[in-house]
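Asker: So the chains spell out like this:
2 protein chains.
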Amino acid sequence: MKILNNPSKALWSDLTKRPTLKKTTLRETVETVFRDVERNGDAAVLKYASLFDELKGERLRVKSETISSAKEKLAPELIDAIKQAEANIKKFHKSQTVNSKPVETSPGVVCWQETRSIDRVGLYIPGGTAPLFSTLLMLGVPAKLAGCDKIVICTPASSESEISPAILYTAWYLGIDEIYMLGGMQAIAAMTYGTDQIPQVDKIFGPGNQFVTAAKQYALQQGVAIDMPAGPSEVLIIADDKANPGFVAADLLAQAEHGGDSQVVLLCQSDNFADEVKLQLNSQKENLTRENVIDKALENTLIIAFDSIRDQIAFSNAYAPEHLIINTENTSEILPLIQSAGSVFIGPYSPESVGDYASGTNHTLPTNGAARAYSGVNLQSFQKTISFQELTYEGIQNLGPSVMVMADAEGLDAHKNAVEIRLSDNGN
Amino acid sequence: MKILNNPSKALWSDLTKRPTLKKTTLRETVETVFRDVERNGDAAVLKYASLFDELKGERLRVKSETISSAKEKLAPELIDAIKQAEANIKKFHKSQTVNSKPVETSPGVVCWQETRSIDRVGLYIPGGTAPLFSTLLMLGVPAKLAGCDKIVICTPASSESEISPAILYTAWYLGIDEIYMLGGMQAIAAMTYGTDQIPQVDKIFGPGNQFVTAAKQYALQQGVAIDMPAGPSEVLIIADDKANPGFVAADLLAQAEHGGDSQVVLLCQSDNFADEVKLQLNSQKENLTRENVIDKALENTLIIAFDSIRDQIAFSNAYAPEHLIINTENTSEILPLIQSAGSVFIGPYSPESVGDYASGTNHTLPTNGAARAYSGVNLQSFQKTISFQELTYEGIQNLGPSVMVMADAEGLDAHKNAVEIRLSDNGN
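Protein sequences, first through last, are from chains A and B.
Following numbering that gives the first Met the number 0, the numbering of the first sequence begins with 0 at its first residue and continues without gaps.
Following numbering that gives the first Met the number 0, the numbering of the second sequence begins with 0 at its first residue and continues without gaps.
So that you can see chain A by itself, here it is in the shape it has in the complex:
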């Protein structure tokens, strides 16, 4: 843990840097898998699935009766919780619908935008230590709301070739029936090119380990869109001395348990407060099961005491955290000054955990400073915008001469000709 007091601005650039991830070594592996899948389809997919994930059998798609019967394996309170989360996520993402109106930019020239769903989307849901049905909620709800024609889930099976019932139930509840037992690079490659068993998609969403992340980057270069670049999860907390140090420590710990590479930052206003948080960290973590992971993440944890709230905000903007918790008084004065963050949690009763699961906001968010230029996943992530324009005869008569002058200046006389031939028309 690194604790600093009012570090000079010259140091900020280093302090806001995340650890560099090695990329080059992965690229060759990813390329090998992609080329193989492109050439050999399911044969290659099954080979890697059995090699990396110990997949048994050759049928990748989960049977519909397996999906519909998953409910029986879940506790009723988990079913209720999933339903409450789904309702909130749906309500918030539905509110993101954009209705744009036509604009007459010049007489007889009308322009507008319309949104359309992306036809085919692939949702990658990691397996591994925990079944992330929450990620399926975050991706599946907006995909359904957007009206995507084909929604494909790829998720690695356990060594018994099974998928977690929580994931199966969530898919069933959302009305998604295309689930494939397939993870890792081979899943991303299969959705990129399409195979006999796995459909090709237009955009791939979802988190994953470093191999999946590298595979999504590679898919991007093959013409498939992806949700956003991914890195280890992050939280930055802005707290004042009135904040409850126990709440602050609990939020730091929640982020730390995601993995040893989690980025955990606290900006407070005094060394005393930092000390109180440290005490709370130590006492709370004793009762947590992932203590080893947490200890590893806390090694890199950064606590900075700034005298001024302005510096806290400026540092946070420079850092551009995935999750930003503002646990201070007068949050309404702070919010307009927040320039870069994925999702913001306001006040003492808004822990990151609520956004991870059920408040309604999306938890698929930009990491590693990407919040400077990227938004988190929202309804628009499953849509694209098309622009339209319609000119009347009057419209082209009015606008045409300007277009001709500009086309001429750019040396494009066929562009000019396309206007000229219409101007010499008599409009009937």
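No lab work stands behind these hints: they were computed from the structure.
Mixed in with the good hints, there may be bad ones.
Identical chains blur together in the list; that is why a pair holds if it fits in one copy or across any two.
Below are the DSS-like pairs computed for lysine-lysine, each with C-alpha atoms no more than 27 Å apart in a straight line [as the list claims (entries may be wrong)]:
no., residue 1, residue 2
1, LYS241, LYS8
2, LYS93, LYS72
3, LYS93, LYS241
4, LYS100, LYS90
5, LYS143, LYS70
With chain A held as given, fit chain B onto it using these hints.
Answerer: Below, chain B without anything else, positioned relative to chain A:
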């Protein structure tokens, strides 16, 4: 030119494919330039600029008096045309402002989105045969509207180390004063890492040759956002037999003059109409200066006669063209069925040329089928969305139990703890 009549759907997948671009050979060159610029800054930048662009001198930034005096070198009608285009583009992009309202997803749980400008954006404006001041309009207008803090233009200088006065004037008129005489891979690398002379940016926009395109892909992997993947420009025209074959031919020629690799597709309803268009192509192109480029592009031109308008639409959606011209009657029945396209031009008096310059829509659009998943540049391209949530004490009491159940099911007990510690608080 390839002319087909009602090709079977089995052939569509091949017919909608664009020629594959070689990428691997460029990657090494790009990597060399980026590593050199990252390590050696301006020394490397200047070396490549003098090598590739014959840049003289070492000062890259254009002096402010050079920018402000550019107006004197432009014809008054070009100045007026630029002003009309700017007004239309501004009007349409301003209408894209999204105002989202807070939503109470559960009692005491309020979520909303806010947009923020991307702080630092780089606009790459190609030089080469024509000075593309229209591209500067398309990128500069929304960048200013979004309120981006730092707007940087990179554009290659001529062999006399000069920038076209039309570009300088446009920048001046838009209020952008940071213009650098720098093009190619070295410009993209410089904006990616920042050098003493060139500022680092968060997102890079703009078209370019294959080297610039490859450099932007590389920049993306270095953590800089880009507008979209780029390929050769495209038009697809849907015409019925009532359309004016002269207008259709003029639109095909306008696309063809962009480059020998331009993609030009016509979907009509009869072989007769196709023949009439061919006659018009031959007669019109004789008067055009870029006849060689046009001839090259026309070699790959595809004309398909479909009996049914449904097939025309389905083929167009499968192709997902950058520009789609719908030159038919009853366009209002067709528009809702258009699923994938960058920008759509409706009716006889809406040539693509008007959108390239002045109707108000953006001309930076997805090519190579990317319109299946990507939108063209619009106001949102210069913004990001942040999500916010605020829970009251009642809110966490209401939502907390569900969050705890789900965190438990995902094996994340520090997440559970962050809620539990608040639930046991007395709310004062």
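Asker: Does each hint fit the structure? Answer for all of them.
Answerer: The hints, checked one at a time:
no.	hint	result
1	LYS241 with LYS8	within (26 Å within a copy, 68 Å between copies)
2	LYS93 with LYS72	neither (30 Å within a copy, 52 Å between copies)
3	LYS93 with LYS241	neither (36 Å within a copy, 42 Å between copies)
4	LYS100 with LYS90	both (23 Å within a copy, 12 Å between copies)
5	LYS143 with LYS70	within (20 Å within a copy, 52 Å between copies)
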